[in-house]
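Peer 1: Here are the chains, one letter per residue:
Number of protein chains: 2
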Amino acid sequence: MIDLPLQIVIAICILALALAAILARNLLAQDQGTPKMREVSDAIRVGAEAFVKRQYSTIAILAVVLALVIFVVYFLTGQSDLALATAAAYIVGATCSAVAGIVAMYVAVRANIRTAAAAQTSDGKALDMSFHGGAVSGLIIASMSLLGVSITYIALGADPLHTPFVIVGFGFGASFVALFAQLGGGIYTKAADVGADLVGKVEAGIPEDDVRNPAVVADLVGDNVGDCAGRGADLFESTAAENIGAMILGVALFPVFGVNGILFPIVMCAFGLLASMIGILCVRGRDGADPMDAMNMGYYITAAISAVFLFFGVQWLLGASAGWMYFFFAGLIGIILSVCFLRVTLYYTDHHYRPVQEIADASETGAATNIISGFSVALETTAIPAILIGISLLLSYWCGTQTGIANGGLYGTAVATIGMLMVCAYVLAMDTFGPIADNAGGIVEMSQAPDAVRHRMDKLDAAGNTTKALTKGYAIGSASLAVFLLFNAYMADIAKLTGKAFEVVNLAKVDVFVGGLLGAMLVFLFASFAIRAVSKTAQSVIEAVRVQFKDNAIMAGDRKPDYAAVIDITTSGALRNMVLPGILVVGFPVIIGMTMKYEALAGFLMVGTIAGILLALILNNGGGAWDNAKKYIEAGAHGGKKSEAHKAAVIGDTLGDPFKDTAGPSLHVLIKLLATLTLVLAPLFI
Amino acid sequence: MIDLPLQIVIAICILALALAAILARNLLAQDQGTPKMREVSDAIRVGAEAFVKRQYSTIAILAVVLALVIFVVYFLTGQSDLALATAAAYIVGATCSAVAGIVAMYVAVRANIRTAAAAQTSDGKALDMSFHGGAVSGLIIASMSLLGVSITYIALGADPLHTPFVIVGFGFGASFVALFAQLGGGIYTKAADVGADLVGKVEAGIPEDDVRNPAVVADLVGDNVGDCAGRGADLFESTAAENIGAMILGVALFPVFGVNGILFPIVMCAFGLLASMIGILCVRGRDGADPMDAMNMGYYITAAISAVFLFFGVQWLLGASAGWMYFFFAGLIGIILSVCFLRVTLYYTDHHYRPVQEIADASETGAATNIISGFSVALETTAIPAILIGISLLLSYWCGTQTGIANGGLYGTAVATIGMLMVCAYVLAMDTFGPIADNAGGIVEMSQAPDAVRHRMDKLDAAGNTTKALTKGYAIGSASLAVFLLFNAYMADIAKLTGKAFEVVNLAKVDVFVGGLLGAMLVFLFASFAIRAVSKTAQSVIEAVRVQFKDNAIMAGDRKPDYAAVIDITTSGALRNMVLPGILVVGFPVIIGMTMKYEALAGFLMVGTIAGILLALILNNGGGAWDNAKKYIEAGAHGGKKSEAHKAAVIGDTLGDPFKDTAGPSLHVLIKLLATLTLVLAPLFI
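Going down the list, the protein sequences come from chains U and C.
For the first sequence, the working numbering gives the first residue as 374, with consecutive numbering after it.
For the second sequence, the working numbering gives the first residue as 374, with consecutive numbering after it.
Please note: incorrect hints may appear among the correct ones.
Since copy identity is lost for identical chains, a pair holds within one copy or between any two.
What the hints assert, rightly or not - In silico lysine-lysine, DSS-like type, Cα no more than 25 Å apart, as pairs:
id: 1; residue 1: LYS869; residue 2: LYS882
id: 2; residue 1: LYS1020; residue 2: LYS909
id: 3; residue 1: LYS1014; residue 2: LYS1004
id: 4; residue 1: LYS923; residue 2: LYS970
Calculated directly from the structure, the hints in this document are not laboratory data.
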């Protein structure tokens, strides 16, 4: 018999999938615009599907190899009873993650054309199309994650004291696929973008998204495979890993809460999914209104409803403790933190505020000062988020201790993480809206639609840029909380394996300190590889386009550019270049753990995570700020388009591209991957 | 009666000062070139002296305030017996550091003109002049540091079990002054450099160091106040802090070695000073030879003699342990690490190797790809150094445990640090040689000397660029080892104050983890402030020059530029902008320590240090690589000067300027300052 909480989770997930189906059916029934639009959209769709197909084939090979490794590790370390279960959970996690990414991409490449078509008549309707496209992805990804964890839990016996340690395989599978999805997609999207810009705007002097640029379709494909599939996989594994980590912590509290404490995380995420559904249905496009207003409103509704659900959920499942109200407060801290992160990210990446304006000002004296100024802003953006994370961890820990339960502090931080991730499905909808709007803008541009249509799309496109920056802030914030949870799950796992307490990671020991140093170094090295991968792949794109431009036939309009050739080169470049950094981050921690053992590896993991959080903030926010400084100038400041300031700002923006869309988001995934990796391969490190 | 080891230290220091005096006398007796050269040189000297005077006045005020704070802290925390001694040691340390910086600058601004004059006839002689100028600084700084620690130790009673804890004040004084010296000088030098380049090369289209550029003298002043005074103060406090930290660790081994274990560090540094003197005397300029060959030879001689001295020193002072040979091995690891760091830095910043060539290649597609590629290289440069530091720490710790002494492991890492710092005086000579050669090049250029002279100076200038990059690598490497020592000194200090063991910094505790997160964040925030300070001050420089250029009289040759006005603006800008970051890094750790207490502060310190080491590597090596990619193109690659690739490379180089000469070197100082600060203010954190 399945526990009531699990029944509720499954019911809510089915409801969410039903809503997604309705929204998708409605979306697909919409007008697909002019033949010219369809032509562009078809090219994007074909390119994206081809990339994703090849990408996931590569990932599948790597994933199967790793499944065998996991099986062998468990088998050889005398845990043969767990070998099959863990490897199976891993495969399921990897598969679910892949499906989540593919679905996000599938929907996005169909929503873009409908959005472009809707923009012919109404900007409100265009918002509805693109946001509903995002919502379909968000709902499917969130419910897949919950269903995956729940069903794996049930399939593995639903033994409250044992199963949470086995389903870590699911989390690792999700992380592993997410890493390659984000990294490969990220390299693709920015190599195409940078390549298209450099060879188009800079060398040939044609505008962005110009139909004569052979790399322009690859650029539009990139939005789908990088932003949609990538962030989808990222947040999929965030919820999966956080749920599993919190379930493991729940094991320690079994004497107090029974199975309720273990199922609490997934129930609350399901409640959050319900809140997100309501929030999504509240978003309505209105002609002439700022699209951000509607989406912000939906967000606040989701957050408020989540808070109410949180209250009842805590009362129901954790009411066994006298001070359960403090767990509610801890969860509230998580919800509030999610709002704070959005605001801070907005401050650093929106042109209404000092940072972006400072970068725009500095563009007047050229590219060098634009970049110096932007880099200074990027470094600065670590401050407030780090303080917010610190306060949230300390406060939610304190709340946990006030409940009067032994080890309650740690569970307090878990509840805060759960609170933050309750709004996840809504955030995903907002996030996927971005690339859909961006793509629709590209389609409108390339199909040479009338100015009014372009103008409508520009507004939506700008909102998409904002939401993309915001959701990255949310992703890194929630990852920061989730990893703290996962550290403790790792320590609980090691304690279970060794049969003795593991509660101290002593950084004053030389091996732990060295572990920490190497962990932080890995983060920087990974970012280096990710950025270089973009640079290399972009180089191939540039060369491919130069060949096509050589005889001037395209520029003269005598021949159509060969979009597919560029897409093909970008695809193979991105896939080739994602393998080395991917293997590095899986292999290096394993070597450290096997040679220096579990305490040093914990130092590696924790300091590496701190470095990863901060570097991701730098890369994401720096990139966002450069992007918007350029947009701010394009809107007329400092001489507007074609001014020297604009030229400088374009260079800054190009630098920011691999920061914010390749290395930064890949770091979110990386820090969670490190945590789930150490959890799953723990038997190797003792 | 003073212990024999101390007598030897003092004797060697006096010998070193005597050698410095002879070299200085000989140097000052040399020809001072043409009147035109003297005119330029005088302007540089006056500007540098004016800056340093104003800078140290500002620092003095801040230092006195802090001395009062230290006194009050000790007084109010019931340690009134230590209050006066600690504050006095602090004042002495601060004063010695200031004197060291001022001397370095004093010598450099007089050696530059002699070098320029010598270059009129012989490049070998020009090398002698500039290297001897550097040697005078190096010898004085190193012996001041040793004398300062020794005399303070004697003055405070020379009680082996007690005095080491009091002289931490000396180390903090040195760090505090070094921070502002490096930061203020670093802001000055790069604001002048960036400002001069942007307004001269980019806007007015005149060459570097052109006599018509009103900012050009400020740029040359900057080399002296930033590179000479700054790095002088940096390595002064490195040796001081390391000696004090190692003496504190020696206290724990008192039962084994007696006072010998406590005096071992300063004796070995004195032996290293002797080795450096020999190495310095071996450097002889030869016409037509590569100056790097002579300097490298001197370096290897110094390292080899140091190794021999190390052997006898260990046998003499640590021979009481059966396994003393292992301490010798640990020291050898330090010496070898210093060589490795120089090689790695060379690999990443020299145009003969892949990284710089990669950046130069990327310049062909513009500034954006130049910077993306450079940034990727910069991030990559963390890998090998971090692995080298890790291996050195682990190996020297292991050596220490093999000596059979309890706590010997920690002392093993101390001996490795000492080994690395033995060559310090020689490295300082090489380092100060750089800005002297750079300045001499500027004087030759501005005095419009014949081409043959310029050509001779160009070669020396290029060697100076290399040594500057190498010594920065050495500085960060030695700082990395030294801080590990200082952590343990901090923990010993806390244990002494609280009367109970403090051996665990548990990163798995939420407050320690948050401390670590905030420590790493502080490093990034500080770098942000330092870079922004350059950007702001450069802006003032640009505006000041534009005013002078306005009526075209200077460009037409009708009026001489007003160099002093620009120097004045740069001076006040640099001083104004150094205060905020300086106060931030002193104030923030104190707040953390007072609110979160000593264990969380230890987490703050350790993770902050890891982040600081890695970020300093990124900034130093990235900046060096961009610089040399530009020089590589200027030498003819990728179209040479005036090509599009060159324009792109200039932008990369400008970005690299504040990285490698302001933020990076300031981070060296910062990480040691954090360590000495926590040591001195420890009573506040319990």
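Peer 1: Next step is simple, just say for each hint if it's right about the structure.
Peer 2: Comparing the hints with the structure gives:
no.: 1; hint: LYS869 <-> LYS882; result: both (23 Å within a copy, 19 Å between copies)
no.: 2; hint: LYS1020 <-> LYS909; result: both (23 Å within a copy, 21 Å between copies)
no.: 3; hint: LYS1014 <-> LYS1004; result: within (9 Å within a copy, 33 Å between copies)
no.: 4; hint: LYS923 <-> LYS970; result: neither (57 Å within a copy, 67 Å between copies)
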